[in-house]
Amino acid sequence: MSTDLTATRPYRISAPVVLTEAELAARGGVLPVWADPVALADETEADRLRERRLYVGLAVAIAVVVALWTVRSFLG
Amino acid sequence: MNDVLAASPDIAEIGRGVLVGVLLLFVAFGAIPVIAGLAQFLVIPVHAVRNHYRETGPYLPNVAVLVPAWNEAAVLPASVERLMGLDYPPDRLRVYVVDDASTDDTPAVMAGLAERFPGRVVHLRREKGGEGKAHTLNHGLREVLADDWMEALLIMDADVIYAPESLRKMTRHLADPTVGAVTAYIREGSRNPEGLTRFIGFDYLAAQAASRRAQNVAGAMACLAGGAQLHTRENLLAIGGQIDTSSLAEDTVTTFRTQLAGHRVVFEPHARVLAEEPAGIDALWKQRLRWARGNVQITSMYRHLFFRKSVHPGLGGFFFGMFWFAILLLPLAMLMVSVGLIGLHLLDSELASDVFGAAAFVPVATFVFMVTLTLSMDPAVGRTVWREALLFPGLISFLVLLGATFPMLVPFDGAANTGWTLFVYSWLVLCIPMAFAVRKLETTRWGRRLAPIGLYLVGFGPMMCAITVDAYLKEYRGAAMTWDKTEKTGRVMA
Chain A
1 MSTDLTATRP
11 YRISAPVVLT
21 EAELAARGGV
31 LPVWADPVAL
41 ADETEADRLR
51 ERRLYVGLAV
61 AIAVVVALWT
71 VRSFLG
Chain B
1001 MNDVLAASPD
1011 IAEIGRGVLV
1021 GVLLLFVAFG
1031 AIPVIAGLAQ
1041 FLVIPVHAVR
1051 NHYRETGPYL
1061 PNVAVLVPAW
1071 NEAAVLPASV
1081 ERLMGLDYPP
1091 DRLRVYVVDD
1101 ASTDDTPAVM
1111 AGLAERFPGR
1121 VVHLRREKGG
1131 EGKAHTLNHG
1141 LREVLADDWM
1151 EALLIMDADV
1161 IYAPESLRKM
1171 TRHLADPTVG
1181 AVTAYIREGS
1191 RNPEGLTRFI
1201 GFDYLAAQAA
1211 SRRAQNVAGA
1221 MACLAGGAQL
1231 HTRENLLAIG
1241 GQIDTSSLAE
1251 DTVTTFRTQL
1261 AGHRVVFEPH
1271 ARVLAEEPAG
1281 IDALWKQRLR
1291 WARGNVQITS
1301 MYRHLFFRKS
1311 VHPGLGGFFF
1321 GMFWFAILLL
1331 PLAMLMVSVG
1341 LIGLHLLDSE
1351 LASDVFGAAA
1361 FVPVATFVFM
1371 VTLTLSMDPA
1381 VGRTVWREAL
1391 LFPGLISFLV
1401 LLGATFPMLV
1411 PFDGAANTGW
1421 TLFVYSWLVL
1431 CIPMAFAVRK
1441 LETTRWGRRL
1451 APIGLYLVGF
1461 GPMMCAITVD
1471 AYLKEYRGAA
1481 MTWDKTEKTG
1491 RVMA
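Protein chains in written order, with our numbering: chain A, 1 to 76; chain B, 1001 to 1494.
In isolation and in its complexed conformation, chain B is listed as follows (with noise of 0.2 Å):
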């Protein structure tokens, strides 16, 4: 009994030992998606010389453009006419606009398009609508599909706008039999961005621009951009004709059966496509959540694939899947390690201050990097959009960042003065909920005004991070798979 007692102190100190240990291994564990996008940032200039331009040749094929619309009336008429005026042979090209049942003017308006253009335009109406996008896109299949004239689909959005250029240069890659389809590089292009629109333009700049560059060199895509993928008849037909209806990423699950269908999907920076965005942070939730739901629902789908390069080789390599799930753990990673610091404060505040302080300064070097390689990318969107680069942590968490770069500036003792170094702790964490609370905010009275200072407080990153968690929040619960449409009023610039 006596020696029990006597060894106690030992045991206790194992213990404390151990916990610290676990601890430390909360904060590397947050590690991981700093280092998963540091890796995807250092492939990206690979991309210079790792591309796909050599395989390129003149193909030109005959090509249908299917654009899925629902009470777009106030739009169509500009988006059809910019169709018509792509710089593409005019005989080779169709446009295929499948009306949702829309209960605005869109039949009227396709009657004087299709006149207009006559064999060039085509109107196809569902008579029943509301099934969301991939229905409506399905619809249009089937009828271009009957036709052996189409030789490759391009699918669309009704308000995008493509630079002249951008279809030919997307075309070249399918003359390589190996490609099954193309994405293009799409933009934010709201006329005068401000607030969040500039925030969205720096997340598609580094989602798109950047990120995609890196999966070209990688040989595995993510997802081809909804408003701009072009496919070849050959692949429409091998992953079945229909589009995948039974998640909310329609978009996702055709990227990964072309991949799995053996045909690659190439992304081409340089074909150019403007997109309009939500303007709201609601409306910006809405979208979002969608989206990674659809991805949740994904990671489910194609559990078997992800790290098995047996199943698809890029797919299933683990550059794909450290990216694939950087994102949807990026909220987890956080919170451990805000529990790691703020477990390693109780227990010992000195080794808690200097695990934050040297810790630092590589996520901080490592967000600067990336900031710098993905403006530079796009120096025209980078000029607009280079402080809400900056502040896509938040301003909170920047002068946070900042405080722990350069302690000499601003002075941080995490060991002496407890509320705030608790505080800076557990922002990592405690920033999630705040996004959910500007969200609400923008519903109040003052909310239009006070919102977009909200969301610079808190950041665009953080609020994503919040929408995977409602994502995960409404997987969990089982909530219905509702298909908001994102609100456009054609404020996209020519």
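Only chain A is shown next, with the shape it has when bound in the complex (with noise of 0.2 Å):
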């Protein structure tokens, strides 16, 4: 889905979340996920891959779709 756009633009950024030391003992020194461009790409990846999904959703819809025929030609 790129377009030529892409190749003249350069891609938009935000500066870099630096955290302090008291902010990230507020949170249990857990570093957030948006503080962390590495989980961020992670948690996009998952997403991607969670679409896959839809292939599963897909065979199983073509699966009672062929069941209901079968079920009609053999009660017909």
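Warning: the hint list may mix true and false statements.
[Stated by the list, open to error] Derived CB-CB ranges, DEER-like:
hint : chain 1 : residue 1 : chain 2 : residue 2 : range
1    : A       : I62       : B       : V1022     : 31 to 41 Å
2    : B       : V1022     : A       : Y11       : 37 to 47 Å
3    : A       : V71       : B       : A1078     : 17 to 27 Å
4    : A       : I62       : B       : A1078     : 38 to 48 Å
Derived by calculation from the structure, the hints in this document are not laboratory data. C-beta: ideal position from N, C-alpha, C; glycine also.
Got two chains here, each in a separate frame; can you build the complex from them with the hints?
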């Protein structure tokens, strides 16, 4: 889905998020996802892979229609 | 003279043949929405590979959240608190509540929230209100655009609840400079959905999780959800920095303008937002009538756009046009199928019975395919609403289709039993006035108990068709464009 625009215009970037020691301590020492670019990338990759479940849905939907047809033919 | 008389039986036969052909065309016209629906659902699995994730980035802009509110004092504290709790850098998130001259405790509530979250929650008040959501949003837009701090703007409703990670899942798409706006997956969010809210739950599953994935693939989005639309500053400026106030579907106009300005609109299925929806038929009718009238108005506003790829490759594409008009013309398609079948029955009952029997399995199989695929997209919702999914066309239609699909189980001899046959053939269009009747029934003494039964019998789908018919009638009569606010009670689960 890329377009020509992406080739000529840079991607938007935001300033890096910097957490102070105090802010990190307030969060129990756990770095939030938004403060970790790698975690953000992992989250996106997980969502991208999750989309593959659509194939399962498609397979189930086709199976149900085939089953409907089979039952109809069997009863007919 | 004798020659003409001798030829007349042939002329009558030809006339009859032409009439049968026309009636068969009527029935075939009814296949268009089925084909459009099937095409859309066949495209959905392509979203597994043709999506926008590879063009995203860790982009966390300064986001201003614009919340239009009129007498929302009951829900605002919880809404603002949840927004403050979003899993997003706190210094990059501000909430602007645009108070449309509320007459309840909204000013006091907002003063308390602004004090609690200094610099992060802002109360903007209009002294003259009641002009509708678009005017309220424009008041806020002027204020927010005047401040260079804002890089992205999230427009939402006061009662919706964002999953904590939703906002950053939306902003990642804005890293791509071709994207102007992102929308999220809105789910019906009642704690205990029942009857009508379950139907709405399935409707949202089909219209949001399913249909918008297909629109992502097709590269044209019909509508940014009103309660979840994230825009870049550049996009807002490109569309004039204002929301359209001339129609009842300002969200759709914004979506069209964004795409016509050369920006993409992306649907993010994993950014989940819960919304409270009407619990009564009359309230639902008013809400959906506003949407349907808006769509009729937009069809007229953008009549030079549809089926013209030269104007816009996505919105002017065949796929988008087919999808758009399949919904708008569905009542006409149902009427034509009914007229076609009844006409055929009167001319040749055997042929009508054969056409009905042969044609029934295709829409039934399509319906089953669409329902199964839709339910699989959000199994948690699917487990709650699968009964309403099956009864979407109504119990009566469900039984008719069941009989047509399995004639050996439900004997249906179209040629023999004329009364029953005519009822079956005409129910396709009769269910529309019956939906009007169900709405009226709700206002009667026994309506609260009987209307839900009527809804299950007639079906949610036919009710939406009836609302489309109502929209046409109201637009034809030039009825006033009132913006009926949907009553919210804060029953959305957290």
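Verification of the hints:
1. A:I62 - B:V1022: 31 to 41 Å: Cβ of I62 (chain A) to Cβ of V1022 (chain B): about 36 Å, so the range 31 to 41 Å holds.
2. B:V1022 - A:Y11: 37 to 47 Å: violated, 57 Å
3. A:V71 - B:A1078: 17 to 27 Å: violated, 49 Å
4. A:I62 - B:A1078: 38 to 48 Å: Hint holds: Cβ distance 43 Å, inside 38 to 48 Å.
Violated hints for the displayed structure, listed by number in ascending order: 2, 3.
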